[in-house]
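Position chain X against the provided structure of chain E, taking the given hints into account.
Chain by chain, the residues:
Protein chains: 2
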Amino acid sequence: MIPKKSPAVVLSSGGLDSTTVMAIAKNEGYAVYSLSFSYGQRHSHELAAAARVAANLGAVDHFIIQIDLARIGGSALTDKTIAVPKSVKAPMSASRIPITYVPARNTIFLSYALSWAEVLKAYDIFIGVNAIDYSGYPDCRPEYLLAFEKMANLATRAGVEGRTPIRIRAPLVKLSKAQIIQQGMALGIDYSITHSCYDPSMEGLACGHCDSCLLRKKGFKEAGVADPTRYQQRTR
Amino acid sequence: MIPKKSPAVVLSSGGLDSTTVMAIAKNEGYAVYSLSFSYGQRHSHELAAAARVAANLGAVDHFIIQIDLARIGGSALTDKTIAVPKSVKAPMSASRIPITYVPARNTIFLSYALSWAEVLKAYDIFIGVNAIDYSGYPDCRPEYLLAFEKMANLATRAGVEGRTPIRIRAPLVKLSKAQIIQQGMALGIDYSITHSCYDPSMEGLACGHCDSCLLRKKGFKEAGVADPTRYQQRTR
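Sequences listed follow chains E and X, in order. Sequential numbering from 1 applies to the first sequence in our numbering. Sequential numbering from 1001 applies to the second sequence in our numbering.
Keep in mind that the hints were calculated from the coordinates and are not lab data. Just so it is clear, CB atoms sit at the ideal spot from N, CA and C, and this is done for glycine as well. It is possible that part of the hints are untrue.
[Unchecked claim] DSS-like, lysine-lysine: derived pairs with alpha carbons at most 30 Å apart: (1) X:1174 <-> X:1217; (2) E:150 <-> X:1121; (3) X:1174 <-> E:150; (4) X:1026 <-> X:1218.
[Claimed, not checked] Chain E stretches covered by chain X per the calculated footprint, using a threshold of three residues with CB under 8 Å from any CB of chain X: (5) 65 to 72; (6) 103 to 109; (7) 115 to 124; (8) 137 to 150.
[As the list claims (entries may be wrong)] Label pairs and their computed distance ranges (CB to CB): (9) E:28 <-> X:1165: 31 to 41 Å; (10) E:71 <-> X:1222: 34 to 44 Å; (11) E:48 <-> X:1071: 13 to 23 Å; (12) X:1205 <-> E:6: 43 to 53 Å; (13) X:1205 <-> E:61: 32 to 42 Å; (14) X:1222 <-> E:60: 44 to 54 Å; (15) X:1132 <-> E:48: 15 to 25 Å; (16) X:1164 <-> E:190: 41 to 51 Å; (17) E:66 <-> X:1029: 34 to 44 Å; (18) X:1071 <-> E:58: 13 to 23 Å; (19) X:1146 <-> E:174: 22 to 32 Å.
Next comes chain E alone, as it looks inside the complex (with noise of 0.2 Å):
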């Protein structure tokens, strides 16, 4: 039993994912600190949809952070001149590494939810990276994390004076999208409220193509639950 109201810092990208962790989270009986990136990303509909589901998740704060990825580049996702690909493919294999991978995005993520939970006495850092269908990104992998957290617990207060460990918590990262879906299912989630799409239309719509959104259908698909996300009108 954790004390009633322990706070935990969730990120969130307003997606499928992140949007079960929270929920997980609350289930729990943390108290939820929801942190967002604002990173040049072209998919800003993402933190309508964070700011969406930490008021409908009853989030304690909801902390966006600007951070500055454009000028380093690298990616589909931060680079204008990079495009999004589309395809019917599975997703690549964890030897190669899609476009779309944001270098040392995760690493990013979790220092600055570290800091914020360092001061927040938060000992609970909750992600909602996936290792089974997710995009070949090398750091969603549970080795990963398990090094994050050990560097995290040796570079905060928490290594030098003896407090409670940091925990990177991540309890999606052995289940399937469709294992995740029913799982916040059964927490009550509205999923029509969250947005996965790398390349959604101007209004936030879908575009039903590019690997995100592929990996999403295919979980309701396999879920036996009907897709609640609007995509764009397919015209090719």
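Then chain X, alone, in the frame of chain E:
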């Protein structure tokens, strides 16, 4: 022998330590990419010093990332409601972390450096941390740096594609402040362009009494080098 002009990312605060590290990286033959942070710190004179240092040492690029630590708070260096302590005592031991500690700061800095390094195809990240004459920050210890390095190699393409591993280089970690200054003088550094004070005057003059000033003063004295720092007149 490293190939001529391999890129390296060097974290620069415009202070004595990181400037010495940049000179070391340059002396080893690296093309230096200087990375500084504007984080709502009281000591924004650091940034002017960092720009002087990058120009003086011939950095290929000097990148200042805006980061929002003021909203996170928790430190005298980022929270205007907490006073910077003045002390004539020796620096605190590792079991007492001073209020100038910024939660997870070096982790955030190194995470951005990692992201930039991955895009630049740089495998060396230099940081001027020091575990001898330091201020008791947990994220200055060798075991922390090793844990970050291990995590970094799992976080990035290096870890998946078997590329050259990323190294976190901390050449000052076991040197005293006096030894750092002696090494820097041998490399021709003009320390008058650097800035270390946590609580300078509006004009950028050092206070002479904060932990950072005390360590710096002591270093010059022990190195037998004239201190080029411009201090405020002591009025009390």
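Evaluated hints:
no. : hint                         : in the structure
1   : X:1174 <-> X:1217            : 19 Å, holds
2   : E:150 <-> X:1121             : 26 Å, holds
3   : X:1174 <-> E:150             : 22 Å, holds
4   : X:1026 <-> X:1218            : 26 Å, holds
5   : 65 to 72                     : holds (count 7)
6   : 103 to 109                   : holds (count 6)
7   : 115 to 124                   : holds (count 4)
8   : 137 to 150                   : holds (count 8)
9   : E:28 <-> X:1165: 31 to 41 Å  : 37 Å, holds
10  : E:71 <-> X:1222: 34 to 44 Å  : 40 Å, holds
11  : E:48 <-> X:1071: 13 to 23 Å  : 20 Å, holds
12  : X:1205 <-> E:6: 43 to 53 Å   : 45 Å, holds
13  : X:1205 <-> E:61: 32 to 42 Å  : 39 Å, holds
14  : X:1222 <-> E:60: 44 to 54 Å  : 49 Å, holds
15  : X:1132 <-> E:48: 15 to 25 Å  : 49 Å, violated
16  : X:1164 <-> E:190: 41 to 51 Å : 46 Å, holds
17  : E:66 <-> X:1029: 34 to 44 Å  : 36 Å, holds
18  : X:1071 <-> E:58: 13 to 23 Å  : 21 Å, holds
19  : X:1146 <-> E:174: 22 to 32 Å : 28 Å, holds
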